[in-house]
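Work the whole structure out from these sequences, hints included.
Just so you know, the protein sequences line up as chains G and F, in that order.
The first sequence runs contiguously to residue 211 in our numbering.
The second sequence runs contiguously to residue 211 in our numbering.
Since the hints were made in silico from the structure, they are not lab data.
Treat the hints with care, as some may be off.
One copy or two, it doesn't matter: identical chains are merged, so the pair holds either way.
30 Å max Cα-Cα, derived DSS-like pairs, lysine-lysine [as the list claims (entries may be wrong)]:
{"hint": "1", "residue 1": "K160", "residue 2": "K139"}
{"hint": "2", "residue 1": "K92", "residue 2": "K7"}
{"hint": "3", "residue 1": "K63", "residue 2": "K75"}
{"hint": "4", "residue 1": "K75", "residue 2": "K139"}
{"hint": "5", "residue 1": "K158", "residue 2": "K139"}
{"hint": "6", "residue 1": "K75", "residue 2": "K92"}
{"hint": "7", "residue 1": "K7", "residue 2": "K75"}
2 protein chains.
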Amino acid sequence: MIFGEVDNTDTYTQVALYEQFARIAKALANPHRIELLELLDQTPREVESLARAANMSMTTTSSHLQVLRQARLVASHRQGTKIIYRLSGEDVAKCLASLRQLASTHLAEVKEILTEVFNSDDRTILVSHDELLQLIENDDAVIIDVRPVEEYVAAHIKGALSMPLETINEQLVNLDKDKEIVAYCRGPHCVLAPQAMEILRSHGFHVRRLIDGLPEWRMANLPVSLGAQP
Amino acid sequence: MIFGEVDNTDTYTQVALYEQFARIAKALANPHRIELLELLDQTPREVESLARAANMSMTTTSSHLQVLRQARLVASHRQGTKIIYRLSGEDVAKCLASLRQLASTHLAEVKEILTEVFNSDDRTILVSHDELLQLIENDDAVIIDVRPVEEYVAAHIKGALSMPLETINEQLVNLDKDKEIVAYCRGPHCVLAPQAMEILRSHGFHVRRLIDGLPEWRMANLPVSLGAQP
DNA sequence: TTTCTAATCAATGAAGTATTTGAGTAACTC
DNA sequence: GAGTTACTCAAATACTTCATTGATTAGAAA
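Structure, rendered in structure tokens:
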């Protein structure tokens, strides 16, 4: 065994590994695909639903999904005429979270957006998992899920009401002004809950917000319910 | 305040955030840049050293470093005529690790390479952090660092000998055949230590390997020494 | 000052990506 | 079997990325 040969072989091997790592990153290297992954982290769903939620054409959505599938970030199965896509594992969501974290600690642009949209988020307004659990147990607050109904139906925090941002104005009458409200949405960087808070506040409600979103709650093995609102 | 307006603003905001997350992923989406980051995770170093280690031209290396810097994954400072690059934070290495993990659990290509190169890695051959600490304390093993000298000088496991792969054949005479040997390199997917093991085994040594590499050891706050070998 | 070293910049062509349009296919309904 | 739904595939186009070439800059040394 000649030394040089081994060295070459293993240099190629190392490069092949770097290529595979980069392959995953390439699949993540597009804003639309990031959005698709975050949508799939809420619940598995068909192409049409993803296309609508991400505001893209079916063909474009489909081709992005192919890219994600080739990188093994998503998997799919057929259900009648529909094809249901899902994240291929929990580690995909973890990697996404790690990307988000990098962006929010290092990129000035992200910090700027965060202070702008989440400006109202001082300590006293963010609710931790533990605190929300307490509130649920003591029935001390109304918890509202401001994501689209479809996502609420797939999974929501136990006891939460569905109050999608699109229809929140019509549902305000059902809310008790004397009770504290806790809103939540898709995750720590989702703009739905902050926007809902603004609307509710302008109507005189006292509202706080969960520190992250449903996927994090689910991953922490905290109580989740399925199905539509009674 | 009209509802539609707010919705639009915040849709744009959300898209802007996805763009920033994708910006980080784009910077990671190239095998050479992954390699540069792994090299920088060993130790900060100048462009020429990176170019040599990654087997690229200075110009190409420099331009990849610009891409990494624009995504704030690396930072740099001048030292005389040289410009020293470094990772911009610990979370960069963590994100890389998360990418590697994704690739090794989901990509068949990676699994294949891993079983091929790391085939000799059954349980009994991998040494954990705890076990290596024991071995160091009891002086029960010779620990060898098979990375290039430059990286050994920057930081190495306390008590380890520098035995770079390139010169390992000449250094074999210094090794005690009756003592156990533990090799380590840049990380869990670095091919240096597995290759060193093969060479040592073919010469009749009993050798095992650390489960990961120096960066992980350092991050775990385990004992590290600096400087050249006495 | 001139000269050297280390690194960046600017321009090019080749290769790869994203989106649209239009055609094609699998499964279900009637 | 005809028609519909939900999706994928193929070709065309505009755009981006990569490596290479040669030129340029900042700082150190002579």
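Going down the list of hints, with the structure as the test:
With identical chains, the CA atoms of K160 and K139 are at most 30 Å apart within one copy only, with a shortest distance of 18 Å there and 59 Å across copies. Both within a single protomer and between protomers do K92 and K7 lie at most 30 Å apart by alpha-carbon distance, with minima of 24 Å and 19 Å respectively. Proximity of K63 and K75 under a CA criterion of 30 Å is satisfied intra-copy only: 27 Å inside one chain copy versus 37 Å between copies. When the C-alpha separation of K75 and K139 is checked against a cutoff of 30 Å, the pair qualifies only within one copy, where the shortest distance is 23 Å, while the shortest distance between copies is 33 Å.
In this assembly of identical chains, K158 and K139 lie within 30 Å of each other by CA distance solely inside one copy; the values are 21 Å within and 63 Å between copies. With identical chains, the CA atoms of K75 and K92 are at most 30 Å apart both within one copy (21 Å) and between copies (20 Å). Both within a single protomer and between protomers do K7 and K75 lie at most 30 Å apart by alpha-carbon distance, with minima of 17 Å and 18 Å respectively.
Hint compliance for this structure: no hint is broken.
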